[in-house]
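Starting from the known structure of chain A, fit chain B onto it as the hints suggest.
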Amino acid sequence: MNDSAPVIFNLQRFCLHDGPGIRTTIFFKGCPLRCRWCHNPESQQFTPELLFDEEKCGGCRRCLEVCPTGAIQASANEMRQDRQQCIACGRCVERCWQGARTLAGHTRFTPDKLLQEILKDRMFYEESGGGVTFSGGEALCQPGPLEQLTRACKEQGLHVAMDTCGHVPFSVFERLLPWTDLFLYDVKHPDPEPHRHYTGQDNTLILDNLKKLAAAGATIALRLPLIEGVNADDATIEAFIARLSPLSPRQLHLLPYHTTGASKYQRLGRTTSREALAAPSPERLDTISCRFTAAGFSTHIGG
Amino acid sequence: MEHRLSPRVQKLREESLAAIPHLSTERAELITAACRRYAGTVETPLLRALIFQHLLENKKLWLGDGELIVGEKAEQPQWSPSFPELCCHTMEDLTVMDQRDKIFFRVTDNARQVQEKEIIPYWQNRSLRQRILGRMTPEWRSCYESGIFTEFMEQRGPGHSVADGKIYQKGFLDFKADITAALADLDTLRDPQAYEKRLELEAMSVCCDAIITLGRRYAERARELAAAATDPARKAELLQIAANCDVVPAHAPQTFHQALQMYWFLHLGVTIELNPWDALSPGRLDQHLHPFYQQDLAAGRLTRESALELLQCFWVKFNNQPAPPKVGITLKESGTYTDFVNLNTGGITADGTDGVNAVSYLILETMDSMRLLQPSSNVQISRKTPLHFLKKACAISRKGWGQPAFYNTEAIVQELLNAGKTLADARQGGASGCVETGAFGKEAYILTGYLNLPKILELTLNNGFDKISGRQLGPQTGQPEDFASYEEFFAAFRCQLRYFVDVKVQGNNVIEQIYAHHMPVPFFSIVIDDCIQKGRDYNAGGARYNTNYIQGVGIGTLADSLAAIRHNVYERQHFTLSELIQALDANFNGYEEIYHAVREKSPRYGNDDDVADQRMQEAFRAFHDEVTGRPNTKGGQYRIDMLPTTCHVYFGSVMGASPNGRRRGKPVSEGISPDKGADRLGPTAVIKSAAKMDHLMTGGTLLNQKFTPAVVAGEQGLDNMANLIRSYFSLDGHHVQFNVIDRQTLLDAQQHPEEYKDLIVRVAGYSDHFHNLSRELQDEIIERTEQSFGS
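Keeping their order, the protein sequence lines are chains A and B.
Adding 205 to a residue's 1-based position in the first sequence gives its number in the numbering used here.
Adding 1 to a residue's 1-based position in the second sequence gives its number in the numbering used here.
Just chain A, same shape as in the assembly:
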């Protein structure tokens, strides 16, 4: 295996909701979409970036001494992060005692090292029917290291799941198909225009890829984030059914929106316009679930 390390922002063990059994999930950094409801905003950009939590900052200013670009500005009662100047070198993170500064994303793990980390929980995968999940951001945007890693996992006999938004050239799917057991395929809106409005891209490529992937015989579980005011109304649900019914995948996971990402936007120094977004009520979720089930989908609420 060569040493081209992917940019990842997390490696989480004991994941229970990214495929069957107990799993380790590798979160690749960088995503072609900008979903308004994204709860992992630190996953969007392809390069490492600094997260700064003002609430935790004790104002000791030790970070100032080591910043090579002068990206940290201190005034009498607050510290400010100049995002233009920051090169995410991580030196201030090392100096921060309060844990106010963290780095999202690194290239410390070569595919070889990642495989070692993944294999640490092999016995739990084998006991539980679990395995490894590649997620993000969008893992498929880093096809080189991803293919190496996926192939290596498969050679070790691990169950491999790929959590994808689908917005990548189909050739990438073709490269991964032989080594992937399960695609967790996100479908966010049935119609191109609203899709573009909420995610920054229309869904033509995504649905096209889904069709081809299904035709190629891949095992696919569809994943629908459900957000009140975006895609949870009756008309949109019917449009989903119309779009998805002709395709072969029947596994469907409904993922109700949640508000966890809000403080992360702050830590990244970004604003977000998520005010209008809300989680569907449990009753509404039930109704939607029943509708999909009636349309022939094997529906499951949650990951």
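Treat the hints as calculated values from the structure; they're not laboratory data.
Here a beta-carbon is modelled for each residue, glycine too, at the ideal position from N, C-alpha and C.
Do not rely on the hints blindly, as some may be mistaken.
Claimed, not checked - Taking CB as the label site, the calculated pair distances span:
no., chain 1, residue 1, chain 2, residue 2, range
1, A, His505, B, Arg372, 29 to 37 Å
2, A, His505, B, Leu64, 53 to 61 Å
3, A, Gly362, B, Asp175, 57 to 65 Å
4, B, Gln745, A, Glu360, 44 to 52 Å
5, B, Gln480, A, Thr476, 52 to 60 Å
6, B, Gly636, A, Glu360, 52 to 60 Å
7, A, Thr424, B, Glu15, 25 to 33 Å
8, A, Thr424, B, Glu580, 54 to 62 Å
9, B, Arg664, A, Arg313, 27 to 35 Å
10, A, Arg296, B, Arg664, 22 to 30 Å
Said to hold, decoys possible - Quick partial rundown of chain A residues pointing at chain B, CB under 8 Å, derived from the structure:
no., residue
11, Leu221
12, Lys325
13, Asp326
14, Ser333
15, Ser468
To be verified - When the alpha-carbon atoms are kept at most 30 Å apart in a straight line, the in silico BS3-like pairs for lysine-lysine are as follows:
no., chain 1, residue 1, chain 2, residue 2
16, B, Lys667, A, Lys261
17, B, Lys198, B, Lys171
18, B, Lys602, A, Lys325
19, B, Lys333, B, Lys118
20, B, Lys333, B, Lys667
21, B, Lys167, B, Lys198
22, B, Lys118, B, Lys61
23, A, Lys416, A, Lys325
24, B, Lys400, B, Lys385
25, A, Lys325, B, Lys693
26, B, Lys667, B, Lys693
27, B, Lys400, B, Lys667
28, B, Lys333, B, Lys103
29, B, Lys177, A, Lys261
30, A, Lys325, B, Lys385
31, A, Lys325, B, Lys707
32, B, Lys12, B, Lys103
33, B, Lys103, B, Lys118
34, B, Lys385, B, Lys167
35, A, Lys318, B, Lys602
36, B, Lys707, B, Lys693
37, B, Lys693, A, Lys359
38, B, Lys12, B, Lys236
39, B, Lys12, B, Lys400
40, A, Lys318, B, Lys693
Frame of chain A, contents of chain B only:
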């Protein structure tokens, strides 16, 4: 699963929970009278037997309304006798135990008077505690008072034992016949110990009569009550109780009901004779009861429901017996009413096949429906255990009140084989107390005290001097600047460790002999192989196997401290050992950089990180090698356990700050769990780290895992738990128990995030560390947890 208890069980359960623990002086008065009559006229074993007989002939009987299993240790439920021959409470002790907030025992005015006028005058210079403490060396006393180790036998007797199946095949008349035969076999010409054996066997014989008397008295009492009963149903029950007590304990039990009553008489006898640690346990109850259950079902004497009700009544009896009042350090190391009765359900049979049977499921249902502190109930999980049984146990465990704990049958068997037991004895053994492994009915496995491992590191840093007590406790093993390498520093630690284990064992050698000579337990000895055959008391090496344990506490704190020293002082030279010691002396105040370095930037045990886990292994090996294989005075050997009860709190309270960032006075890590907040990668990483300890070389280890209710919710939650257990056990882990986190803990975690870095919560379709969540989200989860808890 919702359980509806019968009105009878509901009443008995509520009475047991509502009764207020009291000190009873009845036993103390009776033994004082007996001693006044017999002391000096007979040899010690016989004296103890005559005291026992006097107690069982004269103690008040309790037969509560609605009870189906009868007998109490004292006058009524939740009253506890005292044992002045072991520990004679002072008037001040009585005031403290009456008034303390936790683990109190109310003392009536009458009891105070009796204690002052009758008990103290006779026992104040005769108790074993005084004899023991008077015989300890100044070094031992200094260590004991400074919290290097504790001493189990200074106010409770050796015990830690568990009944096997023999009482379901034999009554005490049969045992008496065995004793008579052993007496007849004595070689009075050539055996130099024939006289001692005769004394012990004669004492055992008296004890058989005594317990039979107790049974007869209960039969009479039940008949009297039956004669007076107006309710025909209760009258019939009382007559049944009388009929049962006509059979047991004199004869072997014939029915399921009698089998339970038989055990209960044994339990009463053992815990009235003396105050042994961990009372007594029925051990592999499901296997012992199963033949009776099948036979009674077939005969139409019993239904599943009536068997369940009998078990529930049996459960109440255990819960009625708080552990007798403790004082001083013994209370600190074991601050609980629990008397550590610990049932083993499942496992394998003597011939190695799956041990789960119909009664195993009944026991699970009993435990679940009763939710009582006592008896503690665990399940033994072997490779052969059906997944169905494991998941049923998980479904109870996830309710969050701590039972059942999970034990690894294959590990237990290998631990016992490694300690020299036969395969059959090992398969019929199990775990008792907290997690301790033993050959049931055949072994005296004596826990002698906890050892404060992180404190020994503290002393190593200070050249053997204890800054807390101001005493030179250990040998002078070097000033900080003397250690040129980590290896040299660790060698000094080993030197300190050896010294303190030496002191502890020297004390134990004396205490063991004091018990052997002055405090035999002829009744208990009847039911432990091979006391009758050897003509020797349980406390004098009569058991087939005689093992002593020293229990290591704080391995997580120790491992992290060693890792922090190695990483920062010797590998990266971030600071010197002297600078670290200054920071510790200042409780890290003004040393934030060092604090941050050791807490946040050093390898820590519990994250499946070999660098840190090797420190744990190194510390474990040092402790193991220092203790294991040392001879005790009963022909057996020392071994180690890794468990704390509540001692990790006490040990932390006598310590300054630790090199891993633990602040002064805070608890050290418990069991083999990582230090609080050290593990940050979730349960699989903790399990991997913990499994790097060589569990099979111990007599038991204890691992706690915390979850929020949502992680273990639903069918998938049961699978998650079952998978974690099976995985840990396939790595030879000894024991694991699950704590499902309640709202209070989450509130505390919000207040003190630094202590809860290991806390994982289910957020929404994924899990995260609680401390990483925003305040709002934490609030939301706290609300949510409240709702989902107790489902």
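Here is what the structure says about each hint:
1. Hint check: His505(A) to Arg372(B), Cβ distance near 33 Å, so the stated range 29 to 37 Å holds.
2. Between His505(A) and Leu64(B) the Cβ separation comes to about 57 Å, which falls inside the hinted range of 53 to 61 Å.
3. At roughly 59 Å, the beta carbons of Gly362(A) and Asp175(B) sit within the given window of 57 to 65 Å.
4. At about 48 Å, the beta-carbon gap between Gln745(B) and Glu360(A) stays in the expected band of 44 to 52 Å.
5. Checking the proposed 52 to 60 Å range against Gln480(B) and Thr476(A) shows it holds: the Cβ atoms sit about 58 Å from each other.
6. A beta carbon spacing of about 56 Å between Gly636(B) and Glu360(A) agrees with the range 52 to 60 Å that was offered as a hint.
7. The supplied range of 25 to 33 Å is broken by Thr424(A) and Glu15(B), whose beta-carbon atoms lie about 55 Å from each other.
8. Between Thr424(A) and Glu580(B) the C-beta distance comes to about 58 Å, which sits within the given range of 54 to 62 Å.
9. Restraint check, Arg664(B) to Arg313(A): a C-beta distance of roughly 32 Å satisfies the suggested window 27 to 35 Å.
10. Separation of Arg296(A) from Arg664(B) is about 29 Å and conforms to the stated range, judged on CB atoms against 22 to 30 Å.
11. Given the 8 Å rule on beta carbons, the hint for Leu221(A) holds: about 6 Å separates it from the nearest Cβ of chain B.
12. Using the Cβ-Cβ criterion of 8 Å, the hint placing Lys325(A) at the interface with chain B is satisfied: the shortest such distance is roughly 6 Å.
13. Interface restraint check for Asp326(A): the shortest CB-CB distance to chain B comes to about 5 Å, inside 8 Å, so the restraint holds.
14. Taking 8 Å as the C-beta cut-off, the interface hint given for Ser333(A) holds, the closest approach to chain B being about 4 Å.
15. For Ser468(A), the interface hint holds, the least distance from its beta-carbon to any beta-carbon of chain B being 4 Å, beneath 8 Å.
16. Between Lys667(B) and Lys261(A), the direct Cα distance comes to roughly 24 Å. Compliance with the 30 Å bound is thereby established for this hinted pair.
17. Between the alpha carbons of Lys198(B) and Lys171(B) the distance comes to roughly 22 Å, so the proposed pair stays at or under 30 Å and holds.
18. With a C-alpha separation of about 22 Å, the suggested pairing of Lys602(B) with Lys325(A) holds against the 30 Å cut-off.
19. Between the alpha carbons of Lys333(B) and Lys118(B) the distance comes to roughly 29 Å, so the proposed pair stays at or under 30 Å and holds.
20. Between Lys333(B) and Lys667(B), the direct Cα distance comes to roughly 14 Å. Compliance with the 30 Å bound is thereby established for this hinted pair.
21. Using a Cα cut-off of 30 Å, the hinted pair Lys167(B) and Lys198(B) holds, with the two alpha carbons roughly 22 Å apart.
22. In summary, the hint linking Lys118(B) to Lys61(B) is supported, as the alpha carbons are separated by about 21 Å, within the 30 Å threshold.
23. Distance check on the hinted pair: Lys416(A) and Lys325(A) sit about 36 Å apart at the alpha-carbon level, beyond 30 Å; violated.
24. Using a Cα cut-off of 30 Å, the hinted pair Lys400(B) and Lys385(B) holds, with the two alpha carbons roughly 25 Å apart.
25. The suggested pairing of Lys325(A) with Lys693(B) holds, with an alpha-carbon distance near 13 Å, which does not exceed 30 Å.
26. In summary, the hint linking Lys667(B) to Lys693(B) is supported, as the alpha carbons are separated by about 26 Å, within the 30 Å threshold.
27. Note on Lys400(B) and Lys667(B): the hinted pairing holds, with a Cα-Cα distance of about 29 Å set against a maximum of 30 Å.
28. About 11 Å separates the Cα atoms of Lys333(B) and Lys103(B), which keeps this hinted pair within 30 Å; it holds.
29. Under the criterion of a C-alpha separation no larger than 30 Å, the hint pairing Lys177(B) with Lys261(A) is inconsistent with the structure, at around 73 Å.
30. At most 30 Å may separate the alpha-carbon atoms for a hinted pair to count; Lys325(A) and Lys385(B) meet this at roughly 26 Å.
31. Distance hint between Lys325(A) and Lys707(B) is fulfilled; the C-alpha atoms sit about 21 Å from each other, no more than 30 Å.
32. A threshold of 30 Å between alpha carbons decides the hint, and for Lys12(B) with Lys103(B) the separation of about 25 Å falls inside it, so the pair holds.
33. Proposed proximity of Lys103(B) and Lys118(B) is supported: the alpha carbons are some 28 Å apart, at most 30 Å.
34. Under the criterion of a C-alpha separation no larger than 30 Å, the hint pairing Lys385(B) with Lys167(B) is consistent with the structure, at around 25 Å.
35. The suggested pairing of Lys318(A) with Lys602(B) holds, with an alpha-carbon distance near 20 Å, which does not exceed 30 Å.
36. With a CA separation close to 20 Å, the supplied pair Lys707(B) and Lys693(B) stays within the 30 Å bound.
37. Using a Cα cut-off of 30 Å, the hinted pair Lys693(B) and Lys359(A) holds, with the two alpha carbons roughly 27 Å apart.
38. For the suggested pair Lys12(B) and Lys236(B), the alpha carbons sit about 18 Å apart, so the restraint of at most 30 Å is met.
39. Simply put, Lys12(B) and Lys400(B) have alpha-carbon atoms about 23 Å apart, close enough for the 30 Å limit, and the pair holds.
40. Note on Lys318(A) and Lys693(B): the hinted pairing holds, with a Cα-Cα distance of about 21 Å set against a maximum of 30 Å.
Hints 7, 23 and 29, counting from the list given before, are not met by this structure.
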